[in-house]
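Chemist: As a plain string of letters, each chain reads:
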Amino acid sequence: MTTDTRLLNLTDRVPQPSPHDDIDKVRFYDLGMRRSALMAYKRPSDRILANVRDGMTDLVEVGFNTGLLSLHVAGKLPDLAVSGVEENQNLVDVAEDNLTLAVWANTAGDVEFEMAKLHRLPFPDDSADIVFSFSSLHRWRRPVETLRECARICKPDGVVIIEDMNRHAEEGHITFILQFVKEGGDEFMRSLQAAYTREEAAELLREAGLTDWQAVEEDLGLVISSRPLEPVST
Amino acid sequence: MSITTTTTSMPFWKEYPERDSEWVRQYPTKHVPVNEEEVFARKPMGVYVHIPFCNRLCFSCPYIKHQTDRDLTRTYLDALKTEITNYAGRPYIQDHVITLGYIGGGTPTALTAPQLDDLLGHLFGSLNVEEGADFSIETTPVDITERKATVLLERGIRRISLGVQTFVPEELKNIGRPNDPEMLKESIRLLRRCGFENINIDLMHGINGQTMESWEHSLDVAIDLGVTCISFYTYMEFAQVSTKRRKLPPVPEKAVVDDMFLFAAEKLSKSGFLGYYGDCFAKPGYQPKYGETSWSEDIPIIPLGPTATGHLRDHWYFNEPDIGRYIQTVTEGRLPISMGKHITKPEAIRRSMVLGVKAGRVNRDRFRRIHGVDFMEMFRAEIDDLTEKGLITADEDGIEVTGPKGWYYLDNISKAFYSPEYRRYPQHLGADISNFISRQPIPLQITSRPRSEETGCDH
Numbered sequence: 001m002t003t004d005t006r007l008l009n010l011t012d013r014v015p016q017p018s019p020h021d022d023i024d025k026v027r028f029y030d031l032g033m034r035r036s037a038l039m040a041y042k043r044p045s046d047r048i049l050a051n052v053r054d055g056m057t058d059l060v061e062v063g064f065n066t067g068l069l070s071l072h073v074a075g076k077l078p079d080l081a082v083s084g085v086e087e088n089q090n091l092v093d094v095a096e097d098n099l100t101l102a103v104w105a106n107t108a109g110d111v112e113f114e115m116a117k118l119h120r121l122p123f124p125d126d127s128a129d130i131v132f133s134f135s136s137l138h139r140w141r142r143p144v145e146t147l148r149e150c151a152r153i154c155k156p157d158g159v160v161i162i163e164d165m166n167r168h169a170e171e172g173h174i175t176f177i178l179q180f181v182k183e184g185g186d187e188f189m190r191s192l193q194a195a196y197t198r199e200e201a202a203e204l205l206r207e208a209g210l211t212d213w214q215a216v217e218e219d220l221g222l223v224i225s226s227r228p229l230e231p232v233s234t
Numbered sequence: 001m002s003i004t005t006t007t008t009s010m011p012f013w014k015e016y017p018e019r020d021s022e023w024v025r026q027y028p029t030k031h032v033p034v035n036e037e038e039v040f041a042r043k044p045m046g047v048y049v050h051i052p053f054c055n056r057l058c059f060s061c062p063y064i065k066h067q068t069d070r071d072l073t074r075t076y077l078d079a080l081k082t083e084i085t086n087y088a089g090r091p092y093i094q095d096h097v098i099t100l101g102y103i104g105g106g107t108p109t110a111l112t113a114p115q116l117d118d119l120l121g122h123l124f125g126s127l128n129v130e131e132g133a134d135f136s137i138e139t140t141p142v143d144i145t146e147r148k149a150t151v152l153l154e155r156g157i158r159r160i161s162l163g164v165q166t167f168v169p170e171e172l173k174n175i176g177r178p179n180d181p182e183m184l185k186e187s188i189r190l191l192r193r194c195g196f197e198n199i200n201i202d203l204m205h206g207i208n209g210q211t212m213e214s215w216e217h218s219l220d221v222a223i224d225l226g227v228t229c230i231s232f233y234t235y236m237e238f239a240q241v242s243t244k245r246r247k248l249p250p251v252p253e254k255a256v257v258d259d260m261f262l263f264a265a266e267k268l269s270k271s272g273f274l275g276y277y278g279d280c281f282a283k284p285g286y287q288p289k290y291g292e293t294s295w296s297e298d299i300p301i302i303p304l305g306p307t308a309t310g311h312l313r314d315h316w317y318f319n320e321p322d323i324g325r326y327i328q329t330v331t332e333g334r335l336p337i338s339m340g341k342h343i344t345k346p347e348a349i350r351r352s353m354v355l356g357v358k359a360g361r362v363n364r365d366r367f368r369r370i371h372g373v374d375f376m377e378m379f380r381a382e383i384d385d386l387t388e389k390g391l392i393t394a395d396e397d398g399i400e401v402t403g404p405k406g407w408y409y410l411d412n413i414s415k416a417f418y419s420p421e422y423r424r425y426p427q428h429l430g431a432d433i434s435n436f437i438s439r440q441p442i443p444l445q446i447t448s449r450p451r452s453e454e455t456g457c458d459h
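From first to last, the protein sequence lines are chains E and Y. For the first sequence, our numbering begins at 1 and goes up steadily by one. For the second sequence, our numbering begins at 1 and goes up steadily by one.
If we strip away everything but chain E, and leave its shape as in the complex, we get (with noise of 0.2 Å):
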């Protein structure tokens, strides 16, 4: 154990104030995502679809930002209806945007994108075979109710899982990233500030009443999930 100094400003959350409030912002954090930070969604990509088991039919992203996870799911599991949720007008708009593109490219997939609360999902009961939200977490305004949402909506041998960035991941971890991201610097950490740690993580599920949750720090991320999940290939 060495004792040293912290590099960054990420010691408290910063919660974003009014995140994507600008439609042209908006706009260039999607094409930013779909240049450079494909290889991001990889893992949570890899993670949903080593999850999917025969007889599944409902997928539900809950915050799908842009929609990009949504469609390559999508686009992966053909036979399957994927949903997601956002509760960002401007990231819905993109989102359809993205959408209706990838119907015009002929694009496998069942996708549907509608805008609604987090903390009130609009799906019944255990309806959902898996409930997945990606880069998501750390923009909900009732983290505790979401996720008591999205325990409800989950099938009882479905599973959830959620994926954001922990913002006490390790300093070096961060700074090798931010060399990647350019001119997106600024808005990944901001995002970083506004992540939970693990520690804050499992307070959230403990206030949510979801006990047997687990959560578990990766690389730079934080992954709850409600049952224990087979680490995937990175």
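The hints are simulated quantities; they were obtained by calculation from the structure and are not laboratory data. Just to be clear, a hint being listed does not mean it is correct.
DSBU-like mimics (lysine-lysine), calculated; alpha carbons at most 35 Å apart, straight line [stated by the list, open to error]:
(1) Y:247 / E:76
(2) E:182 / Y:345
(3) Y:341 / E:182
(4) E:182 / Y:30
Derived contacts from chain E toward chain Y, CB cut-off under 8 Å, selection only [as the list claims (entries may be wrong)]:
(5) 7
(6) 93
(7) 172
Distance windows between CB atoms, simulated [as the list claims (entries may be wrong)]:
(8) Y:344 / E:39: 34 to 44 Å
(9) Y:145 / E:103: 20 to 30 Å
(10) Y:173 / E:107: 20 to 30 Å
(11) E:21 / Y:217: 14 to 24 Å
Heads up, the beta-carbon is just placed ideally off N, CA and C, and yes, glycines get one too.
Position chain Y against the provided structure of chain E, taking the given hints into account.
Modeler: Showing chain Y alone in chain E's frame:
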């Protein structure tokens, strides 16, 4: 307490408590002959120039670069010349003489021949550049022309490095390069006709569709061309975002890529090349001074251009990465220094080890002359550990990295000499994180990752 006096016979030297009669006013003593030339000798210095433009952008390149654009290039060159002028006017710079330099990018020869002529004329005319200084420049077989080569030679560039990557047509196509190996060979012949003696070829291993046989072919062609230096880099495949790239043959397995490294290192050694930096090889006498000397001998480097890295006045630093902000800062008369680190004396010693190892060997006497310490004693534990692992050999003269195994692990070896504070922090590629630096030092506990059975929520 007892005081022992050993110099009782010297009238000017008394040990306390006896009062000395010499009024001390000079140091050091032990005088030797000195003349005017030595007292006023200029210390060596290097320069790195970053040209952030390419006529064709490669998707595997992580460096800061822009598509060549006439207006932006012109504005940028004006700013770069202003930056050179700003440095040239500083007394510290005037006390030095430029003995080595490197012009990289991007593709420096994306500039036109008149632009290169103008830039180099300003660079060499403004700074104190030594006659015959060791300057290298990067180019590509596509960008180099007879006119540009002539300008470079006339302006004093001695070594030229071409990004060839492979001599196999299919592999060239796969990485998006013009795929005629004959054209690549012709660019080397052109440089030789123009008068370049020191020519480097960059090759890549691990590219889509490459096999050990095709890799050997590229190496054979490079050796047969009679170039003085051959470097090879591992291809980094980024996200396959285009439908075209998804159809490419896969990159070789990691184990094959590793074998390619060892194969090339052995082949080039047997062909009369000497290794440095692990993956660079040069015929004896042709290794560029930039890097080897500047790193191991702690020679200051002036950084010019966005993201250029330098080492001046006990600071390592890099320039503003955003080309717009770079141009604005320089135009306002300021140096575009962005982020870096003060180098303390203990860190300067480590820096010489970390970077000196990259040249493949560290000489004990030379190190002692520069830093006044014996690195063999100072880093005894690290050296013993690396020796035990078969990565280096150590004797009275210093240490030498064992090839090819040690060359393969050269960066691991180098990092063994990092101070604990900097371990597990990456080097920069141009990200400015100044807005997010912690204002107050906060104690950090570095612990190992929790084991899998501990990672669940504990309720």
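Chemist: Each hint should be assessed against the structure and marked as holding or not.
Modeler: Evaluation of the provided hints:
1. Y:247 / E:76: With a Cα-Cα distance of about 17 Å, the restraint between residue 247 (chain Y) and residue 76 (chain E) holds, given a limit of 35 Å.
2. E:182 / Y:345: holds (32 Å)
3. Y:341 / E:182: Roughly 20 Å between the alpha carbons, so the hint for residue 341 (chain Y) and residue 182 (chain E) holds.
4. E:182 / Y:30: violated (55 Å)
5. 7: At 6 Å from the nearest chain Y Cβ, residue 7 (chain E) passes the 8 Å test, so the hint holds.
6. 93: violated (23 Å)
7. 172: holds (4 Å)
8. Y:344 / E:39: 34 to 44 Å: 37 Å Cβ-Cβ, so the 34 to 44 Å window holds.
9. Y:145 / E:103: 20 to 30 Å: violated (48 Å)
10. Y:173 / E:107: 20 to 30 Å: At 27 Å between Cβs, range holds.
11. E:21 / Y:217: 14 to 24 Å: violated (56 Å)
Of the numbered hints listed earlier, those contradicted by the structure are 4, 6, 9 and 11.
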